[in-house]
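Guided by the hints, dock chain V with the ligands onto chain B, whose structure is given.
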Amino acid sequence: MAETTIKSEIINPENLVYKKTDLMTDKVLSYCPGCGHGTTHRIIMEVIEEMGLMEDTIGIAPVGCSVLAYEFMNVDMQQAAHGRAPALATAVKRLMPHKTVFTYQGDGDLAAIGTAETIHAANRGENITIVFINNGIYGMTGGQMAPTTLPGMKSSTSPYGRDLGMMGHPLKITELVAQLPGTHYVTRQAVHTPANVRKTKKAIRKAFELQKQNVGMSFVEVVSNCNSGWKMTPVQANHWMVENMFPYYPLGDIKVDGEIVENN
Amino acid sequence: MEKELRLMKGNEAFGEAAIRAGTDGYFGYPITPQSEVMEYLMAEKPHERTGMVVLQAESEVASINMLYGGAGCGKKVMTSSSSPGISLMQEGISYMAGAELPCVILNVVRGGPGLGTIQPSQSDYFQSTKGGGHGDYRLITLAPSSVQEMYDFVGLGFEMAFKYRTPVLVLSDGAIGQMMEKVEIDAQVPRLTEEEIRNNYPWATTGRYKGRERNIITSLDLDPARQERHNEALQRKYREIEKNEIRFEKIGCDDADYLFVAYGTSARICQKSMQLAREKGIKVGILRPITLFPFPYAEVEKMAEKVKGILSVEMSAGQMVEDILLAVKGKTKVEHYGRMGGIIPAPGEVVDALEQKLIKG
Ligand SMILES: Cc1ncc(C[n+]2csc(CCOP(=O)(O)OP(=O)(O)O)c2C)c(N)n1
Ligand code: SF4
Ligand SMILES: [Mg+2]
Chain B
1 MAETTIKSEI
11 INPENLVYKK
21 TDLMTDKVLS
31 YCPGCGHGTT
41 HRIIMEVIEE
51 MGLMEDTIGI
61 APVGCSVLAY
71 EFMNVDMQQA
81 AHGRAPALAT
91 AVKRLMPHKT
101 VFTYQGDGDL
111 AAIGTAETIH
121 AANRGENITI
131 VFINNGIYGM
141 TGGQMAPTTL
151 PGMKSSTSPY
161 GRDLGMMGHP
171 LKITELVAQL
181 PGTHYVTRQA
191 VHTPANVRKT
201 KKAIRKAFEL
211 QKQNVGMSFV
221 EVVSNCNSGW
231 KMTPVQANHW
241 MVENMFPYYP
251 LGDIKVDGEI
261 VENN
Chain V
1 MEKELRLMKG
11 NEAFGEAAIR
21 AGTDGYFGYP
31 ITPQSEVMEY
41 LMAEKPHERT
51 GMVVLQAESE
61 VASINMLYGG
71 AGCGKKVMTS
81 SSSPGISLMQ
91 EGISYMAGAE
101 LPCVILNVVR
111 GGPGLGTIQP
121 SQSDYFQSTK
131 GGGHGDYRLI
141 TLAPSSVQEM
151 YDFVGLGFEM
161 AFKYRTPVLV
171 LSDGAIGQMM
181 EKVEIDAQVP
191 RLTEEEIRNN
201 YPWATTGRYK
211 GRERNIITSL
221 DLDPARQERH
231 NEALQRKYRE
241 IEKNEIRFEK
251 IGCDDADYLF
261 VAYGTSARIC
271 QKSMQLAREK
281 GIKVGILRPI
291 TLFPFPYAEV
301 EKMAEKVKGI
311 LSVEMSAGQM
321 VEDILLAVKG
331 KTKVEHYGRM
341 GGIIPAPGEV
351 VDALEQKLIK
361 G
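Protein chains in written order, with the numbering used here: chain B, 1 to 264; chain V, 1 to 361.
The hints are simulated quantities; they were obtained by calculation from the structure and are not laboratory data. Remember, predicted model here, so these are calculated numbers, not experimental data. Hints may be right or wrong, so weigh each one.
Unchecked claim - Counterexamples of contact, computed for chain V against chain B with all Cβ distances above 10 Å: (1) LEU7; (2) HIS230; (3) ASN244.
Stated by the list, open to error - Taking lysine to aspartate or glutamate and the EDC-like style, the derived pairs with C-alpha atoms no more than 20 Å apart in a straight line are: (4) B:LYS206 <-> B:GLU243; (5) V:LYS210 <-> B:ASP56; (6) V:LYS360 <-> V:GLU349; (7) B:LYS172 <-> B:ASP56; (8) B:LYS212 <-> V:GLU194; (9) V:LYS243 <-> V:GLU299; (10) V:LYS272 <-> V:ASP254; (11) V:LYS210 <-> B:GLU49; (12) V:LYS3 <-> V:ASP152; (13) B:LYS20 <-> B:GLU46; (14) V:LYS210 <-> B:GLU243; (15) V:LYS357 <-> V:GLU322; (16) B:LYS27 <-> V:GLU213; (17) V:LYS308 <-> V:ASP255; (18) V:LYS210 <-> B:ASP22; (19) V:LYS210 <-> B:GLU46; (20) V:LYS283 <-> V:GLU299; (21) B:LYS27 <-> V:ASP223; (22) B:LYS27 <-> V:ASP221; (23) B:LYS20 <-> B:GLU55; (24) B:LYS20 <-> V:GLU213; (25) V:LYS283 <-> V:GLU355; (26) V:LYS357 <-> V:GLU335; (27) V:LYS333 <-> V:GLU299; (28) V:LYS210 <-> B:GLU50; (29) V:LYS163 <-> V:GLU240.
Every residue gets a Cβ at the ideal spot worked out from N, C-alpha and C, and that includes glycine.
Chain B extracted, bound-state conformation:
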């Protein structure tokens, strides 16, 4: 009894401190509890709502855990073949230059099978925004090694840990993309704490604002967790991410106003 009273008080409009943006559908997220995908979806949609871009936006969903992003993001969406989102976005933006166009891609999608599309869209300076979820693993297919998997990190296809001699090095594609004159703003963020969520939201807002100025590609990496793929609890996964992912993939702006940030 007492419990229901509290609930009804919470949903009392005067007591509301947070409201889900209408640009997230009511569909239950398909993500594992604690996964960074859901938070990042919400931030992007909040930014689009706050900037009044709903009528204007076309999003491109990848292949990966976020393949169903179009079920959750309440804007016009296209679902791309694995890795090809930047090619779709290129055409959408070129054919409708006044629209806001973004892709949402995982690390396997963006940095393995879609490397060519990523690099060339960036190099052409396409006026699009790429949101890149780097969880160091192929979440969707059951935790195989990704190009971003850390040295020594275990995955289902590197069961004894990533052997750099045999399997190559983790790809810092964000630093690579930042080298290209076609990118204007390149940053690396995270969404594991409220403070980081706020920073990421600011970065995504900046990316969309820059897109309106037609200055080239804006690229936001979100270093994220994959508790299922990493075989950890959500809390362990976040700790592991801070201790292991952040040293290799340091957070912060990499390129601002078309200039590489020194000592970022």
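Showing chain V with the ligands alone in chain B's frame:
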């Protein structure tokens, strides 16, 4: 108004037709023997003529996916390539068929397999008509046999692509792409405005205009029952296409004792072969399929009831001949004559083959 006549290469005619048809975007990657399409387009500055976007992509994989993105927005988009490039596009074509997206794709076929040769061939018939990518889908396949048809099939291709919301393939070959002929040029068709696109194609992702429900372009449905229904709907569409869109041409068939079935360059060769055969007293006619999917099965069957034998003439090891056999149902003798590796058969060879395989044989 008098029609404008121009002497053009097949590939250039395709490029000019693209601009005139009000195409919104061309995305391509160079490959012989069709690079003239993009070269022509770039030289013509279509961004100034009509606002059309022409973009050289980093690969055929990218170009077909650019088509997906553009078509998803209700835009008229096209690409052109040749066999190896078309192979690379198969995944994207399958996605477009699945997501029901319209586009026009030109394949100026060269000999394979592999890097093969840059010379003309017709060895991509199976890939084109039986579904070159994964999944149960069909591509409307138009086979031009003249530079005029290279031009005309752009407009026709878009008409069909949007009517059925499906990719349309123009299956040409290196000979037709490279040869020069007179072409009748149409008046400029204006590109659609965003408002027209919103009205004509309410499924397109043009942004949630006035807060309408969101549009989603996808080929994915993880629920087997729904995915089966989607597949059934696609199959109904293909049956509808088979009902409405079969196109072919018959030459000298009224009194024919024998029949050549040939498309594209082979059909051109067969016209000369027909002349030579008739000079020898062999009454042969030609049935030229213009649509390879849908294939004119009924017409071939009708002819099978009248003639003593059918020779399928193809620049391949014998691919279309399988469709002819399906159509003929044993009603007459069917043989194949073909050259491979980029060799175009000489008209006399075809007559010899007719005599040896069907008349003496
Ligand atoms: C052409 C193709 N190859 C392979 C796959 C299988 N596949 C689906 S998702 C995926 C990896 C996704 O990993 P990532 O992009 O990192 O996304 P995450 O699930 O980790 O968010 C793979 C290999 C596919 N769908 N298509
Ligand atoms: S598998 Fe990993 S990336 Fe996918 S939803 Fe679960 S935690 Fe997130
Ligand atoms: Mg991943």
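Hints versus structure:
1. Distance check on LEU7 (chain V): its Cβ is at least 32 Å (rounded) from any Cβ of chain B, clearing the 10 Å threshold; non-interface status holds.
2. The Cβ of HIS230 (chain V) lies farther than 10 Å from every Cβ of chain B, with a closest approach of about 14 Å, so its non-interface assignment holds.
3. Non-interface status of ASN244 (chain V) relative to chain B is upheld: no Cβ of that chain comes within 10 Å, the nearest being about 29 Å off.
4. A hinted pair counts as satisfied when its Cα atoms are at most 20 Å apart, and LYS206 (chain B) with GLU243 (chain B) does not qualify at roughly 28 Å.
5. About 10 Å separates the Cα atoms of LYS210 (chain V) and ASP56 (chain B), which keeps this hinted pair within 20 Å; it holds.
6. Restraint check for LYS360 (chain V) and GLU349 (chain V): the C-alpha separation of about 15 Å stays at or below 20 Å, so the hint holds.
7. Simply put, LYS172 (chain B) and ASP56 (chain B) have alpha-carbon atoms about 32 Å apart, too far for the 20 Å limit, and the pair is violated.
8. The hinted pair formed by LYS212 (chain B) and GLU194 (chain V) meets the criterion: a straight-line CA distance of about 19 Å does not exceed 20 Å.
9. At roughly 13 Å between alpha-carbon atoms, LYS243 (chain V) and GLU299 (chain V) fall within 20 Å of each other, so this suggested pair holds.
10. Annotation: proposed proximity of LYS272 (chain V) to ASP254 (chain V) holds, straight-line Cα distance about 18 Å (limit 20 Å).
11. Pair hint LYS210 (chain V) plus GLU49 (chain B) holds up; C-alpha atoms about 14 Å apart against a cutoff of 20 Å.
12. Using a Cα cut-off of 20 Å, the hinted pair LYS3 (chain V) and ASP152 (chain V) holds, with the two alpha carbons roughly 14 Å apart.
13. For a cut-off of 20 Å, the pair hint linking LYS20 (chain B) to GLU46 (chain B) stands: about 9 Å separates their Cα positions.
14. A threshold of 20 Å between alpha carbons decides the hint, and for LYS210 (chain V) with GLU243 (chain B) the separation of about 47 Å lies outside it, so the pair is violated.
15. At roughly 17 Å between alpha-carbon atoms, LYS357 (chain V) and GLU322 (chain V) fall within 20 Å of each other, so this suggested pair holds.
16. Between the alpha carbons of LYS27 (chain B) and GLU213 (chain V) the distance comes to roughly 15 Å, so the proposed pair stays at or under 20 Å and holds.
17. Taken as a hint, the LYS308 (chain V) and ASP255 (chain V) pair is honoured in the structure, with Cα atoms around 12 Å apart against an allowance of 20 Å.
18. The straight-line distance between the Cα atoms of LYS210 (chain V) and ASP22 (chain B) is roughly 15 Å, inside the 20 Å bound, and the hint therefore holds.
19. Restraint check: the Cα-Cα separation between LYS210 (chain V) and GLU46 (chain B) comes to about 18 Å, which is no more than 20 Å; the hinted pair holds.
20. Of the supplied pair hints, the one linking LYS283 (chain V) and GLU299 (chain V) holds, its CA atoms being roughly 19 Å apart against a limit of 20 Å.
21. Restraint check for LYS27 (chain B) and ASP223 (chain V): the C-alpha separation of about 16 Å stays at or below 20 Å, so the hint holds.
22. Between LYS27 (chain B) and ASP221 (chain V), the direct Cα distance comes to roughly 15 Å. Compliance with the 20 Å bound is thereby established for this hinted pair.
23. Of the pairs offered as hints, the one joining LYS20 (chain B) and GLU55 (chain B) holds, with about 19 Å between alpha carbons and a cut-off of 20 Å not exceeded.
24. For the hint linking LYS20 (chain B) to GLU213 (chain V), the alpha-carbon distance of about 18 Å falls within 20 Å, and the restraint holds.
25. With a C-alpha separation of about 12 Å, the suggested pairing of LYS283 (chain V) with GLU355 (chain V) holds against the 20 Å cut-off.
26. Using a Cα cut-off of 20 Å, the hinted pair LYS357 (chain V) and GLU335 (chain V) holds, with the two alpha carbons roughly 7 Å apart.
27. Distance hint between LYS333 (chain V) and GLU299 (chain V) is fulfilled; the C-alpha atoms sit about 16 Å from each other, no more than 20 Å.
28. Taking the CA atoms of LYS210 (chain V) and GLU50 (chain B), the gap is near 16 Å; set against the 20 Å cutoff, the hint holds.
29. At most 20 Å may separate the alpha-carbon atoms for a hinted pair to count; LYS163 (chain V) and GLU240 (chain V) meet this at roughly 11 Å.
In this structure, the earlier hints numbered 4, 7, 14 are contradicted, and the remaining ones agree with it.
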